[in-house]
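K.L.:
If you read the protein sequences in the order shown, they are chains A and B. Every position in the first sequence, counted from 1, becomes a number in this note's numbering once 165 is added. Every position in the second sequence, counted from 1, becomes a number in this note's numbering once 999 is added.
Please keep in mind that the hints were generated in silico from the structure rather than gathered at the bench. Since we're looking at a predicted model, the values are computed, not measured. Certain hints may be false.
[As the list claims (entries may be wrong)] Distance windows between CB atoms, simulated:
#: 1; chain 1: A; residue 1: N168; chain 2: B; residue 2: L1257; range: 18 to 26 Å
#: 2; chain 1: B; residue 1: N1297; chain 2: A; residue 2: P185; range: 26 to 34 Å
#: 3; chain 1: B; residue 1: K1271; chain 2: A; residue 2: A167; range: 41 to 49 Å
#: 4; chain 1: A; residue 1: Q197; chain 2: B; residue 2: V1290; range: 46 to 54 Å
#: 5; chain 1: B; residue 1: K1275; chain 2: A; residue 2: K224; range: 29 to 37 Å
#: 6; chain 1: A; residue 1: N222; chain 2: B; residue 2: Q1083; range: 40 to 48 Å
#: 7; chain 1: A; residue 1: R192; chain 2: B; residue 2: K1203; range: 15 to 23 Å
#: 8; chain 1: B; residue 1: G1120; chain 2: A; residue 2: R223; range: 30 to 38 Å
[Said to hold, decoys possible] Using 30 Å as the maximum straight-line C-alpha spacing, the simulated BS3-like pairs for lysine-lysine come out as follows:
#: 9; chain 1: B; residue 1: K1271; chain 2: A; residue 2: K204
#: 10; chain 1: B; residue 1: K1258; chain 2: B; residue 2: K1172
#: 11; chain 1: B; residue 1: K1045; chain 2: A; residue 2: K224
#: 12; chain 1: B; residue 1: K1271; chain 2: B; residue 2: K1203
#: 13; chain 1: A; residue 1: K224; chain 2: B; residue 2: K1295
#: 14; chain 1: B; residue 1: K1254; chain 2: B; residue 2: K1295
#: 15; chain 1: B; residue 1: K1254; chain 2: A; residue 2: K204
#: 16; chain 1: B; residue 1: K1278; chain 2: B; residue 2: K1254
No residue lacks a Cβ here, since even glycine has one placed at the ideal position from N, Cα and C.
This is what each chain is made of:
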Amino acid sequence: MANIVGVVTTIQGSVAGGAPIFYAKEREELQQLAHLLEKVLDCAVHEVNEDLFIIVNRKC
Amino acid sequence: MNETIGWLSEHKELTGVLLGTVFGVTARLLMLRSDYRQYPAYPHGKVIHIALGIIASALGAVAVPALYDKDYTALTFLTLAAQQFREVRNMERGTLTAIDELELVPRGAAYIEGISVVFEGRNYLSIFAALVVSLAVMATSWWGGLIAGAFCIAVVFRFMRGTTIAHIAHVEKAEVRMDGPDLYVGDVYMMNVGLDENREIISKEGMGFILTPKNDDARVTLANLGQRQAILHDVSTRLGVFRDDGDPALLPIGKLGLKSGKLGLLVLPREKDLDKAYKAVSGVPLLEAAVRRPTKANRKSAEESAHG
């Protein structure tokens, strides 16, 4: 089963829950943050909507 | 020349063993060609199989003269050989499984199992060739051995030519299309790609194929995850792969269009040669583990006999 290991969003307060949440100021920063997390965590980034990305680990 | 032929005719047993071994080893060598699967690629890997091939054919060739001498214990040696070859299968499975963890696009367990079975089977073919040639020499003379040898080599070639994807599916190139974050190959949904960078790479480097099954049996085979992984591995081996460890978004994938039963393939080759890619996909061997024949099992007559 896949696991959400992180959430990146530009809209403060739009998400909550167990996974670490990273806030970005704008969409460009959102991309940069998501890119960094993808490489560091070796996980795939998926777009829920333009302001909300999830980092998903499929290896477990 | 005449003397040699006379000598060969006189010493039937020796001729049988010699010719049998030679044809057995030849058969094994023919089956050991390193093809695009790149395995076994190194001299040491080959030496193991050639040595086993020699042992196999010698055993097969010796068995016949021994039986002619009413030495029935010779048969027990054949069982010994069978034991040995099962070990070959385990060895191949072990090696390939260990290597598979380090592949950018893994072979998958089903493909590995298929390869190991083939390695074991080819040793038996080698024994079989030696046995038949030896028997032919004992029954006739050296020329009978040559004819039987040629026949065995033909049989071996027949066994080597397995069925491929081209037999069960129409392969056609399809457009790789991004619809927002959603990635499609033709009309098959593949995955959601989050990063702009990856979307660019996929639209630029990606190559899409649609495999349309030719019948209902083929539909089940294409749906098999092991078969899909084998296709992805083979295509990636032949054309290279545009990815590195730590890029899970750039993994080549195969997805089924659930309604149509078509298989969508997304590959990211280093070499974007359509012709080669087409040949690579069409030439992937069908895995024994993936081939099913539901239409045969569901035929009325089969059902009736199953219910007595």
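K.L.:
Please write out, lowest number first, the hints stated earlier that are contradicted by the structure.
P.N.:
2, 3, 11 and 13
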